[in-house]
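**Student:** Numbered per the working numbering, the sequence shown spans residues 19 to 414.
Among these hints, one or two may not hold up.
List time: in silico SDA-like cross-link candidates among lysine to any residue, alpha-carbon distance up to 20 Å [as the list claims (entries may be wrong)]: (1) 365 to 47; (2) 408 to 351; (3) 103 to 301; (4) 104 to 311.
Hint data in this document are derived by calculation from the structure and do not stem from the laboratory.
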Amino acid sequence: MPIQFADRMSTVHRSFIREILKVTEDASIISFAGGLPNPELFPVSDLEKAAVKVMRECGPQSMQYSTTEGFEPLRKYIADRYREKKGIEVDADEILITSGSQQCLDLLGKVFLNSGDNVLIERPGYLGAIQSFSVFQANFITVGLEEDGPDLAELERVLDENEVKMFYAVTNFQNPSGLTYSAEKRAGVAEILKGRDVLFVEDDPYGELRFMGEAHNPLVRGYLEENGILLGSFSKVAAPGFRLGWMVCPTDVRDKLIIAKQASDLHTSTFAQRVMYQYVTDNPLDDHIEKIRECYGNQRAAMVKAIDEFFPAEVEVTRPEGGMFLWVTLPDGMSSMDLFDEAIKNKVAFVPGRPFYVDGSGENTFRLNFSNSDEEHIVEGIKRLGAGIKEFLSKA
19 MPIQFADRMS TVHRSFIREI LKVTEDASII SFAGGLPNPE LFPVSDLEKA AVKVMRECGP
79 QSMQYSTTEG FEPLRKYIAD RYREKKGIEV DADEILITSG SQQCLDLLGK VFLNSGDNVL
139 IERPGYLGAI QSFSVFQANF ITVGLEEDGP DLAELERVLD ENEVKMFYAV TNFQNPSGLT
199 YSAEKRAGVA EILKGRDVLF VEDDPYGELR FMGEAHNPLV RGYLEENGIL LGSFSKVAAP
259 GFRLGWMVCP TDVRDKLIIA KQASDLHTST FAQRVMYQYV TDNPLDDHIE KIRECYGNQR
319 AAMVKAIDEF FPAEVEVTRP EGGMFLWVTL PDGMSSMDLF DEAIKNKVAF VPGRPFYVDG
379 SGENTFRLNF SNSDEEHIVE GIKRLGAGIK EFLSKA
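Could you put the whole structure together from the sequences, leaning on the hints where they help?
**Tutor:** This is the structure:
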């Protein structure tokens, strides 16, 4: 007799990006596919010193069970940083430490989503959120992105015409598009959401990776005073392997999320939290982030310059001021899935755009990651990719 799986699993698929990464394990392939930080920038030596210090000074405590909400000194550090860097008031008791920001999405789904609830996401949207909320059988509705954020007229219409439970957005250097909400769009979104019974979830893993232009405050707490939850992560500014993220939310909401987390994993790694806190205590995090910004800024510049040289003029590309991604739109009628197959033969990889669209569109789009390749490989990879695009256009 076959094993019977839960109905919810019928609508959830493997991560398309994770499957692509298997293909790119071939060392000869220049990969712009994964959303991976540059491993050469991981503060390995400083984290090693922090780990040794934790083991020597509080070894037994670092290996013991801990509170679900997270290591209090680390939560206080995060709260203080919001106050100092963003000018927004956050209390340590409003922070829940999670096993990466991906767990934030899982916990939010458990606490807020019933089967069939409408979740509003950006178009294109973050694939990790699509996969996570699909487990809870959410019904996705989308709002299109303009160069500086969502189409406000479309957003208002969608909210007027649908009973939306949650609006999930990546407001800084969005994954996959690289776009950022302007101050005007942030204010506009807040005004549209005002008075509505809609939970706004702002995911901000890339916000500190700005290497040009003007930074903006988070929409949550900076523009929106109610019904907002802000997500953060150490993955892009320190080490993704530590799996340390967090949520900023009202204490009554956090209490429900704590219950859901207790049912999931009891608490996030005690050792990882203490080591990260020791690291940021002994080493100015801003100094490390500045190194990342300089490196990523140079890599982004190399990719944009190579695109200008090797891509046909008909191809549109976003020009983000930070983050890790560029978004490419091919001429109508071209398939990035077909281009991907040819690109792999030429030893270069990217992520086709269709999986980022829940409505099946986006056939002529794809995502490029610039953070995990050095400048020499970026130029060579874009040259190969440009040649492939030109060949495809010649056959159209």
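**Student:** Each of the hints needs a verdict: does it hold here or not?
**Tutor:** Hint check results:
Only pairs whose Cα atoms come within 20 Å are accepted, and residue 365 paired with residue 47 is accepted, the gap being roughly 4 Å. Restraint check: the Cα-Cα separation between residue 408 and residue 351 comes to about 14 Å, which is no more than 20 Å; the hinted pair holds. Using a Cα cut-off of 20 Å, the hinted pair residue 103 and residue 301 holds, with the two alpha carbons roughly 17 Å apart. About 18 Å separates the Cα atoms of residue 104 and residue 311, which keeps this hinted pair within 20 Å; it holds.
Checked against the numbered hints above, the structure breaks none of them.
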